[in-house]
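Visitor: Sequence:
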Amino acid sequence: MSAKPARVRVAPSPTGDPHVGTAYMALFNKALADTTGGQFILRIEDTDRTRYVADSEAQIFEALAWLALTPHEGPHKGGPCAPYRQSERLPMYKEAADTLLRHGKAYKCYCTSERLETLRKIQQAEKAKLLGYDGLCRSLSEAEIAANDAAGKPCVVRLKMPREGDIEVHDFFRGVLKFIAAEQQDAVLLKSDGFPTYHLANIVDDHAMGITHVIRAEEWIPSTPLHFELYRAFGWDAPVFAHMPLLRNKDKSKISKRKNPTSLLWYRDAGFLPEALRNFLGLMGFSLPNDQEIFTYDEFLRHFDLAKVNIGGPIFDLQKLHWLNGEYIRKLPHAELEKRLVEQAKLLMHREREFADLPEDQLPQETFLRDFETKRRQRSRVLGALAPELMTSYEVNPQLLAPIIPLIQERMHTLVEAADYLPMFFTREFAYTPEDFIQKKHTLDDAKKALAAAREMLAGSDLEHPDWLTRMDEQSRAKAEQLGMKIGPYLGPVRMAITGSRVSPPLMESIRVLGKEEALRRIDAAINALAQG
RNA sequence: GGCCCCUUCAUCUAAUGGUUAGGAUACUGCCCUUUCAAGGCAGCGAUACGGGUUCGAAUCCCGUAGGGGUCACCA
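Per the numbering used here, the first sequence runs over residues 12 to 544.
Everything labelled a hint here was simulated from the structure, so no lab data went into it. One or more of the hints may lead you astray.
Result set (EDC-like, lysine to aspartate or glutamate): computed pairs, CA atoms no more than 16 Å apart in a straight line [what the hints assert, rightly or not]:
no.	residue 1	residue 2
1	Lys386	Asp431
2	Lys171	Asp109
3	Lys490	Asp457
4	Lys331	Glu365
Values in this document were obtained by computation on a predicted structure and should not be read as measured data.
Full structure from sequences and hints, please.
Guide: The structure is reproduced here in structure tokens:
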């Protein structure tokens, strides 16, 4: 493919749940590394101590591993540029800041956050065109600086941005972007707590780690002139910057928790397959030849070309992901789906509280998502509760679960949807009422007749016979006709008796899984219930 | 508001100066069908607007409109 091996990175900050945008950037970065024989690096940008969340880093790594977007280098596995956690690289930033100070490219600023706050308020009140730091400390004399330091005044280090002319930055997709130097402000590089800001740390590390391409979100464009100036101040060559489009909510705003699930953990809990989500992310801003929409990572790589990325911001359409996930589920070998279902149930076990129904006012506004989320919670509870039985069945009695898989596979779009079909195979009692047996345009009496007829038919049949399904089909039709019913209404009450629901996997196949004895018992239970009701 | 970015069906996108503007999701209808799915077929549906350039513009240029991002000692 491309010429030189690219060294790329994804640089999330551990401030909360692993974000779908991180996975999106990881995918495109990794793709560039893999198509050029380069390396994909995970760097943890933990320079904000106030927002730091302890679990977050582990979750980020776990989520990337789940998606098979594992980095070649990172805090978990080390590498030639270790450490990969910025909090462990503090001396480098300090030294870099000192260098800039020494060369007069940066200056110490003693302004308090109170002054900055009032400054901002005044600027807003005046509707000033330029908001931001006024550069007061830029002109401090050496004596003043010494006096401030002697007095132990806290300070930050700011970059001296040029005050005249244009700053030209280059973006891989957009070409040259021009910014007016005078409109840029002197950004903070080192905070008063001694930690670097993102701006400093990211440049120092990208340079130290030999990063060749910075593929990051479009929201970084406004600070790119600052980053170019930093490279210039250090005398380093800047990498290629490629600003990817932002993933969007339905209303086109930047994807956000309130309007769209953003946590990768949510997608895993909801039963999306990692390969489906990764495929879907690959569809955001990119397409394969011949309208191919379903592809493996290898196929993606075969066609990947950074230059072909579409930079219009794509809306993250959960409904399409839902469809795609169903496609992936249907493609899974039975044994694999079985394994994943058990794993999913295990994942959801003992978490009922998390999946409690959401109060009306906390439900998402958008209709598809609202409905999805409501059902997802219900199903998660059901599947989690079923976990012990599924695990036992999988490990101790595999011949029980295995035949169920083909019956439910083509009905599912997410793994948790199995909760709609699985319980009937593990429950012996159903909470139905006589009304549940009444079919459209039919009476309770019809239902009773259908149950009796079906019982007789089933009792006299041999479930082991290879033609059993065909025979049941033929006999059902004949019996239905004899009773003056269509096959649907005829089997409806039987379905309710056997599965406890009007909706179920194919009836006869389900009966075969349950076995004759259990099936007859269920029909008898229903007959009894109707007789008493 | 200043600066910057973006703009093909509702949504994801294809078409890199010549196509009846293609595919997919969603939606609708029909078929299949033992419920629900899945599947098959069909329908609906877009080049934001206005100027240029050109024999010819979704495609190149300018303007307008709309949308988005960003303006922290957060990333």
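Visitor: Hint by hint, say whether it matches the structure.
Guide: Taking the hints in turn, this is what the structure says about them:
no., hint, result
1, Lys386 <-> Asp431, "holds (10 Å)"
2, Lys171 <-> Asp109, "holds (13 Å)"
3, Lys490 <-> Asp457, "holds (12 Å)"
4, Lys331 <-> Glu365, "violated (26 Å)"
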